[in-house]
Every structure is written in C-alpha cells, then in structure tokens.
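Okay, here's what each chain looks like letter by letter:
Number of protein chains: 2
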Amino acid sequence: MKAKIAIDVMGGDHGPVVTLAAAAQFLRVHPSVTLLLVGDETLVRSQMSAHGLVEGEHIQVVHAPEVVEMAESPAVALRTKKKSSMRVAVDCVRDGSAQAAVSAGNTGALMATAKFVLKTLPGIERPAICTALPSRKGHTHVLDLGANVECNADHLFQFAVMGSVLVEAYDDNPAPRVGLLNVGAESIKGNDTVKAASALLENGPINYIGFVEGDDIYKGDVDVVVCDGFVGNVALKTSEGLAKMITQFLREEFGRGLLSKLAAVLALPVLKRLKNRLDPGRYNGASFLGLQGIVIKSHGGADVSAFASALGVALREIEKDVPRRIDQRLGQLLNEKETA
Amino acid sequence: MKAKIAIDVMGGDHGPVVTLAAAAQFLRVHPSVTLLLVGDETLVRSQMSAHGLVEGEHIQVVHAPEVVEMAESPAVALRTKKKSSMRVAVDCVRDGSAQAAVSAGNTGALMATAKFVLKTLPGIERPAICTALPSRKGHTHVLDLGANVECNADHLFQFAVMGSVLVEAYDDNPAPRVGLLNVGAESIKGNDTVKAASALLENGPINYIGFVEGDDIYKGDVDVVVCDGFVGNVALKTSEGLAKMITQFLREEFGRGLLSKLAAVLALPVLKRLKNRLDPGRYNGASFLGLQGIVIKSHGGADVSAFASALGVALREIEKDVPRRIDQRLGQLLNEKETA
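Chains as they are written, first to last, in the working numbering: chain A, 124 to 463; chain B, 124 to 463.
Honestly, I wouldn't trust all of these hints.
Given that identical chains are not distinguished, each listed pair holds provided it fits within a single copy or across any two copies.
[As the list claims (entries may be wrong)] In silico SDA-like cross-links for lysine to any residue, where the CA-CA straight-line distance does not exceed 20 Å: (1) Lys398 with His262; (2) Lys443 with His262; (3) Lys318 with Ser196; (4) Lys342 with Glu375; (5) Lys312 with Val199; (6) Lys342 with Pro403; (7) Lys205 with Phe239; (8) Lys398 with Leu382; (9) Lys342 with Arg374; (10) Lys206 with Met193; (11) Lys125 with Ala292; (12) Lys260 with Arg379; (13) Lys384 with Arg400; (14) Lys260 with Gly378; (15) Lys312 with Glu192; (16) Lys384 with Lys398.
Derived by calculation from the structure, the hints in this document are not laboratory data.
The model shown is predicted, which means the values in this text are computed figures rather than measured ones.
Next comes chain A alone, as it looks inside the complex:
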C-alpha cells in the first residue's frame, strides 16, 4: 500500500508559502508518498511550480474553495465551511483517497471536523491530542493537550491506553512506561479523578508506572504522560513560554558588552546545537487519537521544516497503522468488560 497524505494547504498562519514548500521538501526525502494538495485549485496550481511541485502520480490537487479562519468558532466552521481546505482534507481520509490529513489550521475546528467526519473508534468517548516533547534522554509523549478541558477517570484511562499504543507503534517500544500526571508521586496526593484513574490503570493492559509530576515530562524516565486537556495545555504553553524567555535572556546576555559578543561568536555552534535539541519544530505534529483515521495537527506558526515534520508524523502513523492498533486494543478491553 502506498501512503497518501492530504494536506490542508491553506491552513496555518502562513498558508501555501509554508505548506507547499514543506510538501516539496518532504517529497524529496519520501519520494514514494503521494500528497493531495487541498485548497483553492487555481491558487494552488499557480503557486506549486515555484516549489518544484508538478501534478502527477505523487502530487494531486484537490479543490476546496473555502478557508477556515484561525479565530473562527469550531461549530460555525463545521456548519458553514463544508468546502474548506480543512474539511475536504479530512473528507479525503473518510473516502479513502488519503490515509491521513495534516493541517496547521484552527485546532478546535480541526478536532470538531475530524470527530464529525471520521467518527471516534468504538468505545472512545473523547479523542485526545498527543505530541512528543524533548526529554533529557529522548522524548516523552503527552496527552491530552487541550481537546478535553474536563475529564473523568474513564477518559484518562482511555488516553493512557491510546498513548501507550501510539508509542508502542511509533517508537517500536514494546512496553512504554505510562505515568499519570499529579501533584506528587505518593498515592494519597491528587484529586479524586486522578486517584480513580490510577486505580483503573493499576489493573489496565499497559505498563502503568503510577503518578508522575510536571518535571518528569523532561526527565526521560516515563514515555507517556497522561493528563486532562486543561492541565496538558497549561504544561505545554508554560514550557513554550519558559523556553522563549530563556532564549531571549541568552540573546540579551550574549549581547551585553564586547567580550560577551566575542563569546557569542565562539559559542554560536554550541547554541545552535542547543536550539536544535530544543526546537519545537522537530516535534511538530500532534496526533488526534481515538478517531477512525489519522489526523495530524501542525502548529499554526510552523515553518517549512516544522510542517514537514508533521507530514513525517502522519507517514509514520500510516506505516504503523496506529488507528487500527488502538481499535484492536480497545476492542479487547470492551470484550473483557462484556465477558466479565
């Protein structure tokens, strides 16, 4: 089976300038993949040649005259923009012309569209958003990052199972260590929801290691960190804010005085390597888990390399057949429940 990925060309802060360039960059590395470029066909066709993209076996243009705005209400977008590039890209996954859709557009609208068009897997009440963050020893997957601001213990349990299956497949890790985010590692800590979720996970079908704390995300001793979307979103954005502040402080301090500037020149390769290790672009591409199909959300402000990373996440999930694997694991759980 050849992988086909539908790209919402118009989505994100930069639109075609970034998405088409990223498509071209991605195809040079993965020449066997087919990319469906979804957007206004006149506009897409007029801009694609500048990126060396030529229609054919590996490049198809799919017409979608409308665009979902970044600040648009998800409900309104879903109801009124049935011909948007975002919606048509997800439609391509439903009708089988692509196995994954990638968009840098409005997160809420993309989630609403994905749920409506693709539907959730049997037994899944809430899809979750999952991404990898760098850690001292590699990376850590965290979910949910904002799809569900209120969760009960069953939801957290499902997130844990979905996150584990994703990492099993994605990182070829037979038993990812799954932790539940809490305010302390002791079992008496936390609110009722995490305590109840922990009790469920103790008897769950995954390698549950218990409660973890915020700093564990970056330590590298846990592979999947599970939390509700409110907490996950705060953790993610707090991290982004701190990383930006540290970068600014570094720039300011290296710009202070001649000696510091000299040091900066010498330290440049070091700082570049540091930036590369921390680069959120490398980890760009959040998975919507729990759907009957693959949908990957790119950061709205992603640059060309970052958007290409999101396409890479989509390809890996296609190759590893992630939704089917999640469906199988959940099916086992549902069967066990029914026979219990």
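Position chain B against the provided structure of chain A, taking the given hints into account.
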C-alpha cells in the same frame, strides 16, 4: 515595631547546616531583625557559634525536640508532633513572639499546621500558596501552587483578591494586573469553573485582565496568575523540569569538543548572569495566603542564599502587614455582600 521571624531550624533537606548559615547571612544584611531559632536547643546551641550566631537581642533559641519528616503525612504530623520545630515556629506567630514563621519542611504538614494553629482569615475557605517566578520584564506571582487540588469559582476569586493584595503591598504596585489561567484567551474557552470565576472577577475589586495562558506566566504582561493548585503545581514543576533540562543540555553542548570548551570559558560570565536571572533560589519563599499570620515556605532543597531569600520574603510581608491588608479587603467584600 521590630520584626521577629521564627525559623524552623530543623526543616528541609539540609536542616541546620543551611538554616543557621542563612540566618547569619540574613542578619548581616538586616541587623535590626530578631530571629527565633526553633529546634532542639542543645543541637542548635552547639551549631550556632560555627555560624557566628550569638544568643542575645537578635538571636533567640526556642526549644522544640521533635522534627517533622519530609515524607510524613500532614495529618499524622499535626496530631503527633506538637513539639516539632515546625509546629513550635508557627506557635510563635500565634502567641505573638514572632510575626512570621519560615520553614523548608514538608509542605503539606506546614499548611495543615498553619491552618490549625493560626486559623484562616474571616471569609477565607482555603489558604493558597503563592510565589514569584521570573518573567521577561521582572516577575509574576502565581497562586495556588498546590494547597488546593480542587477549587470552585469562589476559591479562585478569593485567590485572585489575595494575590492582588499581596502584590500591591509587596511590589508597591497600586493595581496589579490579575489574570485567570486558562487554555485560551477567548471567553468561550475553558471549563465551567474558570468561566464562573471569570464572571465573578469581572465585577471584582481588582484589576482583572481576563484569561491568560501558560506562556503568559513568563511574558511579563500580567502580575498575578490565578489557578487551582493542581494546575499551578504542574506549571511550576514542569518549569523546573524544563529549566533543569536546558541547563543540562547547555553543559553537555559546551563540553563537546575543544572549541566548545574554549567557548564555554569565554561564555562563563554570560552563563552565570543567565543562571542568576533564572535562579529559582532568588525567588525562594512561597507565601501561605489567607491565614491570620505570615508563614513562608522555603523550597526543601534550598541552599543558604535561597533560604535567606525566604527570610527576606517574610520580612517584607511583615513590613507591609500583608495579612491585615488581605483581611481588610476581604472584610470590605463581605460587607458589600451583606448590604447587597
């Protein structure tokens, strides 16, 4: 009135080695303050001279034979350790022999003790933990950091008022900008609790600027960030973890190859300045707000300078009469409620 601070000498990961050295360092800068050294008197007396501490007008030893362990259950500590250095330090605030207590001990036990011994201010259901974090333009106070893992809208409203009053006094800021932590700045975002709290704050007696996101903690455009203790604890610990990881990456990258090591030598003053700007020790000293008295929690692993910073926070809150100011503001609100 001369400021008197009771120090839990035995608390924290390092105990007297740090707390006594910090007491000496603090007294050199603030010679008019009186410090009550609370701990096993034989032990305290045997160690204080090594730090140049001599009993007299500014140094008093208060005997407390027991110690609350870092991992001890707060309920057990409260019930069984009535002669602990932590408990006796807080007792000193209640009986007026000190105006503030500072401890690097077990957070849960300190909060339980403070609530039991000092009681909350009229109208306050839950005390909160508040600390300053560095921001691009100065610092940002965040609360609650973990005292209350489940909060309703009224609790968040009270945290906002208490945080505002603290910053008004502490930073001589007549109208601190207070934001409510959420997953998006738009009013439709978030869970029911933050939406209800926001509605209360719109009509509140403080400079409420609406919802803020995790990255706003570090931007410097908000002075007080309000959230429940679960979210605040995750934000704080996630930040600690990320900062440690970046520090480790910097060390690793500067140690890679001869040129990098050379650059490191030149960059050393720059990195030291960076470290100083980010140093959590500078911001050590979390306030327990909403009590009838001042209690400051130092980080358990604080070094001498960091513990001295916590003593500085205590002194500033004494000088600014923070609990009385909070009481007055809350009293106004209660009166308004009753007459409404």
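Verification of the supplied hints:
no., hint, result
1, Lys398 with His262, "within (15 Å within a copy, 25 Å between copies)"
2, Lys443 with His262, "within (19 Å within a copy, 46 Å between copies)"
3, Lys318 with Ser196, "between (34 Å within a copy, 17 Å between copies)"
4, Lys342 with Glu375, "between (28 Å within a copy, 15 Å between copies)"
5, Lys312 with Val199, "between (41 Å within a copy, 15 Å between copies)"
6, Lys342 with Pro403, "both (17 Å within a copy, 18 Å between copies)"
7, Lys205 with Phe239, "within (12 Å within a copy, 60 Å between copies)"
8, Lys398 with Leu382, "between (22 Å within a copy, 18 Å between copies)"
9, Lys342 with Arg374, "between (26 Å within a copy, 16 Å between copies)"
10, Lys206 with Met193, "within (16 Å within a copy, 60 Å between copies)"
11, Lys125 with Ala292, "within (19 Å within a copy, 65 Å between copies)"
12, Lys260 with Arg379, "between (33 Å within a copy, 17 Å between copies)"
13, Lys384 with Arg400, "between (23 Å within a copy, 19 Å between copies)"
14, Lys260 with Gly378, "between (31 Å within a copy, 17 Å between copies)"
15, Lys312 with Glu192, "between (42 Å within a copy, 17 Å between copies)"
16, Lys384 with Lys398, "both (18 Å within a copy, 18 Å between copies)"
Going through the hint list in order, the structure satisfies each hint without exception.
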